[in-house]
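Chains A and B supply the protein sequences, listed in that same order.
So for the first sequence, my numbering puts the first residue at 1; every next one is plus one.
So for the second sequence, my numbering puts the first residue at 1001; every next one is plus one.
If you're looking for bench data, these hints aren't it; they were derived computationally from the structure.
Nothing here was measured: the structure is a model prediction, and the numbers come from that model.
Incorrect hints may appear among the rest.
Stated by the list, open to error - Beyond 12 Å from chain A on every Cβ pair, some chain B residues (computed):
no., residue
1, Glu1011
2, Gly1016
3, Val1019
4, Asp1063
5, Pro1070
6, Glu1083
7, Pro1084
What the hints assert, rightly or not - According to the in silico footprint, chain A covers these stretches of chain B (three or more CB under 8 Å from chain A):
no., stretch
8, 1050 to 1058
9, 1101 to 1107
Note that beta-carbon positions come from the ideal geometry of N, C-alpha and C, so glycine has one too.
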Amino acid sequence: AQSVTQLGSHVSVSEGALVLLRCNYSSSVPPYLFWYVQYPNQGLQLLLKYTTGATLVKGINGFEAEFKKSETSFHLTKPSAHMSDAAEYFCGIIRGSTLGRLYFGRGTQLTVWP
Amino acid sequence: DAGVIQSPRHEVTEMGQEVTLRCKPISGHNSLFWYRQTMMRGLELLIYFNNNVPIDDSGMPEDRFSAKMPNASFSTLKIQPSEPRDSAVYFCASSPGAPGNTIYFGEGSWLTVV
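Bound conformation, chain A alone (with noise of 0.2 Å):
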């Protein structure tokens, strides 16, 4: 069963416009949650992740995300969207009955307009 969910596979903003890419999860327990990146030809790199404590993470390149567990979410926004941002973006989760093993969604391709 898929346990992370990410609306939209393609988000294309404009350089300056905000950045949101959705992620919901599916957990009994409380997960630990991360965002990675992919530049092409390149591995996974870690945005940010939220484990414990504070609901709002804020990462690296500006990036920032809110643990919402009433709405099963944590979305990754950014104020201003650079070119340097496109990328795809996946949301990971390590869910309690699974203790050690990342399973990630689908992924979001970022385009960023001129």
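Knowing the structure of chain A, use the given hints to seat chain B on it.
Just chain B now, with coordinates in the frame of chain A:
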């Protein structure tokens, strides 16, 4: 610091041949993962090792696939015999082991089976 090192980076092989992908995790990490990335199926977790022991191989697609971790600094993923549908990018990743810790990815091995 050296990250996760994978070899070969690119391989083209003929159907029916044996393929061996290699991975050196980050020193001190005791969890190791193999993932496969394709357009059709996204990022799939194939197998997860903890302290060199396979914990979960439920993602291994068929008996043609096998993975070993003979010591803490080396792992292999073998496909025998290979088929065109095995063409994908295979990622190795490692982490210090505790569930909330970051999982670090290698650059991937790009496999093409013709």
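So, going through the hints one by one against the coordinates:
1. Distance check for Glu1011 of chain B against chain A: the nearest CB is about 15 Å away, which clears 12 Å, and the non-interface claim stands.
2. With a least CB separation of 28 Å from chain A, Gly1016 of chain B remains clear of the 12 Å interface cut-off, as annotated.
3. With a least beta-carbon separation of about 19 Å from chain A, Val1019 of chain B lies farther than 12 Å from that chain, consistent with its non-interface assignment.
4. With a minimum CB-CB distance of about 21 Å to chain A, Asp1063 of chain B clears the 12 Å threshold, and the non-interface call stands.
5. Distance check on Pro1070 of chain B: its Cβ is at least 20 Å (rounded) from any Cβ of chain A, clearing the 12 Å threshold; non-interface status holds.
6. Distance check for Glu1083 of chain B against chain A: the nearest CB is about 23 Å away, which clears 12 Å, and the non-interface claim stands.
7. The non-interface label for Pro1084 of chain B is consistent with chain A: the shortest C-beta to C-beta separation is roughly 21 Å, beyond 12 Å.
8. Here's how the stretch 1050 to 1058 of chain B fares: 3 of its residues keep a CB closer than 8 Å to some CB of chain A, so the rule of at least three is met and the hint holds.
9. Given as covered by chain A, the stretch 1101 to 1107 of chain B passes the check, having 6 residues with a CB less than 8 Å from a CB of that chain where 3 are the minimum.
The earlier numbered hints are all upheld by this structure, with none contradicted.
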